[in-house]
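Use these hints to put chain S onto chain Y, whose structure you have.
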Amino acid sequence: MAEHPEKPRWIDLARKELKDKPVESLEKQTPEGITTHPLYTAENLEGIDFVNSLPGISPFVRGPRATMYTVRPWTIRQYAGFSTARESNEFYKRNLAAGQKGLSVAFDLATHRGYDSDHPRVIGDVGKAGVPVDTVEDMKILFDEIPLDKMTVSMTMNGAVLPVMAAYIVAAEEQGVDQEKLAGTIQNDILKEYLTRNTYIYPPDPSMRIVSDIIGYCSKHMPKFNTVSISGYHMMEAGADSVLQTAFTLADGLEYVRAALNAGLEIDAFAPRLSFFFGVGMNFFMEIAMLRAARYLWADLMDQFNPQDPRSKMLRTHVQTSGWSLTQQDPYNNIIRTTLECLAAVLGGTQSLHTNAFDEAVSLPTDVSARIARNTQLIVQEESRVTNTVDPLGGSYYVEWLTDQIVKEVRKVINEVEEMGGMAKAIVEGMPKMRIEEAAARRQARIDQGIDPVIGVNKYPVEEETEVDVREISDSVRDEQINWVNRIREERDDAEVRRCLEALTQCAESGGNLLEACIKAIRARATVGDVTEAMEKVFGRYVATTQCISGVYAGEYQDDEIIKTIRKRVDDFAEKHGRRPRILLTKMGQDGHDRGVKVVATAYADLGFDVDLSPMFQTPAEAAKMAVENDVHVVGVSSLAGAHKILVPQMIEELKKQGGEDVLVVVGGIVPPVDYDFLYNAGVAKVFGPGSMVTDSANQVLNALEQNA
Amino acid sequence: MPEDAAYYIEGVRAGNRKAISKTITLIESALSGHQELVYTVLDSLLPYTGNAVRLGITGVPGVGKSTFIETLGMRLIEKGHRVAILAVDPSSAKSGGSILGDKTRMEKLAAHEQAFVRPSPSGGALGGVARKTRETMTVLEAADYDVVMVETVGVGQSEFSVASMVDFFLVLLIAGAGDELQGIKRGIIELADAMAVNKADGENAVRAEKTRKDYENALHLMAPRSDGWQPPVLACSALEMTGIDEIWDTVLAHRRKMEASGELFRKRSRQARDWFDFLVEEGLKEWFYGLSEVKSLLPDLTRRLELGDTTAMAAARQLLELVTHEYERKQT
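First to last, the protein sequences are chains Y and S.
Residue numbering for the first sequence follows my numbering, starting at 1 and increasing by one per position.
Residue numbering for the second sequence follows my numbering, starting at 1 and increasing by one per position.
It should be emphasised that the hints constitute simulated quantities derived from the structure, not laboratory data.
Hints are supplied without guarantee of correctness; some may be wrong.
Chain Y is faced by these chain S residues, among others (derived, beta-carbon under 10 Å) [said to hold, decoys possible]:
| no. | residue |
| --- | --- |
| 1 | Gly15 |
| 2 | Ser21 |
| 3 | Arg82 |
| 4 | Lys94 |
| 5 | Gly202 |
Listed next, the in silico PhoX-like pairs over lysine-lysine satisfying Cα-Cα at most 20 Å (straight line) [said to hold, decoys possible]:
| no. | chain 1 | residue 1 | chain 2 | residue 2 |
| --- | --- | --- | --- | --- |
| 6 | S | Lys22 | Y | Lys656 |
| 7 | Y | Lys537 | S | Lys108 |
| 8 | Y | Lys657 | S | Lys18 |
| 9 | Y | Lys564 | S | Lys94 |
| 10 | Y | Lys657 | S | Lys22 |
| 11 | Y | Lys576 | S | Lys22 |
| 12 | S | Lys94 | Y | Lys568 |
| 13 | S | Lys18 | Y | Lys656 |
| 14 | Y | Lys537 | Y | Lys520 |
For each residue, glycine too, the CB sits at the ideal point set by N, CA and C.
Only chain Y is shown next, with the shape it has when bound in the complex (with noise of 0.2 Å):
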C-alpha cells in the first residue's frame, strides 16, 4: 500500500500546529529502544502477517480463547498470604465471598528457601511476606473449609516446590479429594530466580531436574494442573523493558520444553499445561502489544517440535500489575494507576489477573486496601463493557504496528540467547541479568532526572504526607509457629520419618521422581526444612555470583549538573577525610529482591562512592563484621520484605559489639512511614522509602556523614 494520499496535507497541519517544528520532533524514543511515531496509518500494517488473524486461532495474537471474554471474562485472582494459615486461611475465606474466584498463595521467604520457622537464618522472616508452610498441617489449616477439587489454587513457589507441592497433594488427599481433580497453578519457574528475586535453593542442574520431575508427575497424575507458569513479572519488576521481559521469559519457557523432552516426555503430554505470568506497567499500549506480541512468538517458537494439540502453541497467561510502578508518595495514585495497568491487561487478553493494593509500596494490603484491588478488576469487568468484544484494538495501526516491532525486537534476544546455548547457559555467563540491571539503572536515572514522570514523586509533589493504615504482622507470629512445628516433630513417628528422607536423598543421588518421594516424607510429618535438607546433601546450596555493573547510570543523565555537584562533595570529603565514603550495600533475611541494592550501589558508585557489596542473606551478625572488617562510614540495608523492625535493631547492636558503633545506618526499601520513628529510635540515621531519588538520598547521606564526623 502506498502513502495515505493526504499524508502530505496532513504533514503540513501538522507543522503548523508545531510552530513549524519538523514533525519528526514529536517521535519517541521508548526504553526498549522503539521510536514510536505521531501517526499511524494503513500503510504501517504492510507485511504484518497476523493483522488479520481470529482469535483461539495460532497464531492467538487475538486471544487463545475463540470467544474469550464475552463468555467468560479472566479470573480474578489476588494474590496473598501473611501471618499464619489460619490467618491467611480466614483472609481468603472473606475474599471468595466478596467475588474473587481463584486464590492465589503467597509463601513467606522462609518457606521459599527451604528452611523452617525456627531456622537462625530467617528470624525475620517469618509470616511477614507471606504464609509459612512447615508442615502438611500447615497446608491443611491454610485450605481450612476451601473445596480443593472445586477452587483453582495458585502458588508462586519454586525454590521449596518440592516440598509445597507435596504437602498441598497430602492436603487435598486428607481432604479427601482425589489428586487428579486438582485444578491450578505451581509457578515452578527457577530459572527466573536466578535472574531476579533469587528465591532459589539448589544450583540451576539440579533445579532444572526438579521442575522437569514435576512436570512428569503431573502429566501422569494431575492432568488438570498447570505445571509451571514461566514468569517474566519478576524480571520487569527488576527492570527490564516489554522486550527483555519477553524474550527472556519466552526463552526460559523454551529451556523448560527442551528439559521435559529431554526427560523422555511428550511434547503435547506437558506443553498445553505450561502457562506464563506477565508484568504490566504504566507503559499502557507497550503492554497490550506486548501480551499480543508473546503469544504470537511462543506459537511461532513451539512450531519447532511439531505438536499436534495447538493447545501445546497456545500461550496462557496470568498477569499482575506493577508493583514497582507503586509510590508512597501520595499513595492515593496507586489506585489510578493500578487501574490503567488492570486495563491494559485486559485489552492485552491475560486469563487471569491480580491488582495490587495502593498501599503495597509500603506494606501488606489491609482488609481495605485488598477491596479496592479486588473492586478494580470487578468494575472494569462488569460496569466498563470492555468485555463485550474480542480483542477491541484488534486492527489498530498502532497497537499492531507495535505488536509487530515488539515480535522482532524479542525475537533479536531470543536469537542472542541461543546463541549461547539457552537460558540456562546464558543465567550462568550472567548475561540476562546484566540487561536486566542495566535497564533498571537507566530507568532509575530517568525518573531522577524527571525525564519520565511519575506524579507526587518527581512532578506535582505533595508538602502533606498521606496517612494509610499498615497491616503489621505480629512478632509472636514466629513464637507461634515454632511451637506448632515443634509440637508436630513430637508427635511423628520418626523412624518412618528418617526412612522417607533416607529414600528421597537416595532418589535425589540415583534417580527416580522427587516429587513421589517427596509426597511420601511430607506424609509423615516431614517438615519443609527436613525434605529441603535431605537434598541439598546431594545437590549443595547455590550461591550466586554478584556482578554489578557501572557508569549506566550518570551514562543516562544528560544534565549532569546534579552529578557534578555531588562529586564535587564526595571530593571535598575524601579530601578532607584521606578516602573516599566508603558506603556497604548489604541485604538481610531470606528477602532476595536485589533490584534496589543494585541500582543504589552502580549509582553511588557513579557518584564518587567506594560501594561495597554484601553476599545476598545476611545474619545481622555477619553484615556487622563486613562493615567493621571493610571500615565502612555507611551501611546501607535494603528492606523489601518487612523484616526491618526485626534485623535492624539487631545489625545495630551487633554492629556497637563488634566496635562499629561509629558506623552511620541507613535503611531503603519497603518501609511504611509509620515504623520511621521506631527505626530512628533505633540509631538509623536516615530511612529512604519507595519512589526515593537516588541523588537526593546520596546528598542526604553526605549531609549524615559530615554531621557525623
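Frame of chain Y, contents of chain S only:
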C-alpha cells in the same frame, strides 16, 4: 580515627578485627597526618611480620578468581590456617568511585571468624595498589594470619606490583578462551610460579585439559628460571573442589624448595630492595615536582624545548641545577 599509635599496634597484635581494619584504613589514607602515624605503627609491627605464606592470584575477569579463593581459603581454614584476603578493585577514572563486590563471591570466607577479607579500591595514583597492599599484607601477618592472598585483576599494571610482593604468584586460566594467551600479557606468564586452568568441570573438563597441555608446552619453550623452579600448569575446579589441594601442595613444595636453597630469603630481600628503590624514586619525584622553583620554571622550559630553542639535555640540566646547585652550595 584514633591518633594513638598504641591503639593500632596493640590492637593488631591482639588480632582485634576493628583495630586491624582501622590500621588498613590508616595505611590507605591520603592524609599526611595519617602517614606519619603509619610509619610508627609499621615499625613497631615489623618484628612480627614475614611469617605468612604470601600468595598472589591473578586472571582475566570471568576466570573465577573469587570463587577459587573462597574454595581454597575455606580448605585452608579447615586445615587450621588463618587466612587473609586482599582484593583490589578498579576505581572509575571518571567518578573516582568503585564497586567492591568481591565478598559477594566469598560468602563463607566473608562470614568466617578465621578469615579477614578486605577489598580496596585501586585509587587514581599509579603505584597506589602496591603502596597500600604491600603494607597491609604485613599488618595482617602481624595479626597472625599465616596465609595472605592478594587478588588482582589480570589486566594492566597491577599484577606486576602484586608479583613483586608475594612469594608465590598463581595465574588462573580458563579453558579454550582463544588459542593465544587469553589476553594475558606474556610478561605475566613469565612471572607465574604456577598456572591453573580453572572451571575444569562437567563438559568443560576435556577442553580444560587441552588448554592445560597447551600452556605446559608453551612454558617448556621459555628459558629456565634462575631459581631452578619449573612452574607447573595444573587444572582445578573451584565448583567441584578438585585440584585445589594439589595447588596448595604446589605452593608448599615451592616454599620448601625456596627455603632450603635460601631463595625465599633472597627473593624477599630483593623485593624489599626494589620496593625501597621505588619509594625513593617516587618520593624524589613527588618532592622535586612540588618545589615552587621547579613549578615556575618547568612550563617555560618545556615550551622552549618544544620550539627547538634548547635541547632536552640542556633543559634537564637547567631544571636539575635548581636543586643540585643549592646542595653543592650547602656542601661547601
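Against the structure, the hints come out as follows:
1. Gly15: Hint on Gly15 of chain S: violated, closest Cβ of chain Y at ~12 Å, above 10 Å.
2. Ser21: Status holds, d = 4 Å.
3. Arg82: violated (14 Å)
4. Lys94: holds (7 Å)
5. Gly202: OK, holds: Gly202 of chain S within 10 Å of chain Y, min 9 Å.
6. S:Lys22 to Y:Lys656: Within the cut-off at roughly 15 Å; holds.
7. Y:Lys537 to S:Lys108: holds (18 Å)
8. Y:Lys657 to S:Lys18: Between Lys657 of chain Y and Lys18 of chain S the Cα gap is close to 11 Å, so the pair holds against 20 Å.
9. Y:Lys564 to S:Lys94: Measuring from Cα to Cα gives roughly 11 Å; hence the hint holds.
10. Y:Lys657 to S:Lys22: holds (16 Å)
11. Y:Lys576 to S:Lys22: holds (17 Å)
12. S:Lys94 to Y:Lys568: holds (12 Å)
13. S:Lys18 to Y:Lys656: holds (11 Å)
14. Y:Lys537 to Y:Lys520: holds (18 Å)
Hints 1 and 3 from the earlier list are contradicted by this structure; the remaining hints agree with it.
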